[in-house]
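Q: Sequence:
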Amino acid sequence: MLDLLQGIRVVSFNHFLLGPMGIQALADLGADVIAVETPEGGWQRHWSSGGLWCDGQSMLQLCANRNKRSIALDLKSLKGKEIALKLVDTADVVAENFRPGVMEKLGFGHETLKARKPDLIYASASGYGPDGPYAERPGQDLLAQALFGMMAITGQAANGPRPAGVSVIDHHGAALFALGVLAALVRRARTGQGCRVDASLMQSALDLQAESLVAWLNAPDRPKKVNAHKHVAGWYYGAPYGVYPTADGHIALSLIPLADLADAVGEPRLATFTEADSFTRQDQIGDLVAAALKARTTAEWAAILDQRKLWNAPVQDYAAIEKDPQVRHMEALVTVPGAGPEQAPITLVNHPLRYDGEAAEVRLPPQPLGAQTAEVLQELGFSSQEVAALAIEGVVRLGETASEPARIPA
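As numbered in our numbering, residues -18 to 391 make up the sequence shown, in order.
Honestly, the hints are just simulated from the structure, not real lab data.
Computed from a prediction, not measured in an experiment: that's the story for all the values here.
The beta-carbon is built from N, C-alpha and C at its ideal position, and this holds for glycine as well.
Please note that the accuracy of each hint is not assured.
Below, computed lysine to any residue pairings styled on SDA-like, alpha-carbon distance capped at 25 angstroms [said to hold, decoys possible]: (1) LYS206 with LYS304; (2) LYS67 with LEU87; (3) LYS205 with LYS290; (4) LYS60 with ALA372; (5) LYS211 with LYS304; (6) LYS67 with LYS290; (7) LYS95 with ARG177; (8) LYS304 with THR278; (9) LYS62 with GLU360; (10) LYS290 with ALA252; (11) LYS290 with ALA280; (12) LYS86 with ALA96; (13) LYS95 with ALA133; (14) LYS86 with CYS176; (15) LYS211 with ASP241; (16) LYS57 with TRP34.
Pair by pair, the computed Cβ-Cβ distance ranges are [unchecked claim]: (17) GLU360 with PRO111: 24 to 34 angstroms; (18) MET(-18) with LYS275: 48 to 58 angstroms; (19) LYS211 with THR172: 51 to 61 angstroms; (20) ASP188 with LEU66: 29 to 39 angstroms.
Use the sequences and the hints to build the structure in full.
A: This is the structure in structure tokens:
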């Protein structure tokens, strides 16, 4: 078991995707993450990606909540707030991704908790930052893709803006969220000083486009449009960098000199274009490449290009990824028993890094709501009778598996 963050406790008030996924990374590294939800459960338990459910569990819950303990509290009740504050007193990190002002209204704002625990790391994720003209706007991945360039740069001139096929800003924002918490923990270990960490969808979106934005912002003559080309991947790439149809699929071509590609695909006209042309005549070059590549299958072209050490890759769908030999070798997908009623197996995207060659383990699959409520309250000093009374009052919710939470065997 990875113990890089052993001894660190994170109290997570996160919901949706960015916050839970960022804090999941800390849980993977050994932090004791206690996910606090309402007795009704967070939003991620009630909406499922693709409308698909596994053993009664939502896909959104499954993808971002492993290795966490679950406690269900009524934060609007006086007793619920008192319990949450006791929990905060034991925490190194408090993390949340509500709209700006919500935590303050609940009594758990940064200034309140900082006064109570000066060395606390308070990590907050929002749509656009904690203040400013957009602070009250709804923050969501698709909206951020629209507002901050992702749709424009991904879409083609002929077809208009196009969003990425995944919640890419949420996912990148989650990594930045975890990075910020880790940086604050390092400083606290050195100085004892607490920190407020703020992440946002807006800055995640901009950070994802750093290469493109820096090129555009510093160009002597800024391009009027930043749409992708017909085949070439983006406005700032030179041809043939992009995706092309073959006889049976598609293939991606990376940084290949046009003269080398001309010889490989049997299209001598490609060799007549200059390096400057590759940035100004992308569509003309792309059309020639596309016409040539339709003559053979993806596998045939890959073999030809690989033999010449020209960078290429087949465009794989999810079925191919599941069988990909490198994905399997790296154990990038992991199947474990789930914590649903039938403990049906679930397959997750594994923690993406290794440490001294070791991958993170799934110690706890995503847990049923309130599965560890009793366990956590008893750690805070509540007796079993007090826990039962709080459950009867509706202050807390006890999960059905609270007495014996589903854990992955060692």
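Q: Hint by hint, note whether the structure agrees.
A: How the hints compare with the structure:
1. LYS206 with LYS304: violated (39 angstroms)
2. LYS67 with LEU87: holds (15 angstroms)
3. LYS205 with LYS290: Between LYS205 and LYS290 the Cα gap is close to 36 angstroms, so the pair fails against 25 angstroms, i.e. violated.
4. LYS60 with ALA372: holds (11 angstroms)
5. LYS211 with LYS304: violated (30 angstroms)
6. LYS67 with LYS290: Status violated; Cα separation ~61 angstroms.
7. LYS95 with ARG177: holds (9 angstroms)
8. LYS304 with THR278: holds (20 angstroms)
9. LYS62 with GLU360: OK: LYS62 and GLU360 at ~17 angstroms, within 25 angstroms.
10. LYS290 with ALA252: holds (18 angstroms)
11. LYS290 with ALA280: Holds. LYS290 to ALA280 sits at ~15 angstroms (cutoff 25 angstroms).
12. LYS86 with ALA96: holds (16 angstroms)
13. LYS95 with ALA133: violated (41 angstroms)
14. LYS86 with CYS176: holds (21 angstroms)
15. LYS211 with ASP241: Roughly 22 angstroms between the alpha carbons, so the hint for LYS211 and ASP241 holds.
16. LYS57 with TRP34: Answer violated: LYS57 to TRP34 is near 30 angstroms, above 25 angstroms.
17. GLU360 with PRO111: 24 to 34 angstroms: holds (31 angstroms)
18. MET(-18) with LYS275: 48 to 58 angstroms: holds (51 angstroms)
19. LYS211 with THR172: 51 to 61 angstroms: holds (54 angstroms)
20. ASP188 with LEU66: 29 to 39 angstroms: With a Cβ separation near 34 angstroms, ASP188 and LEU66 satisfy 29 to 39 angstroms, so the hint holds.
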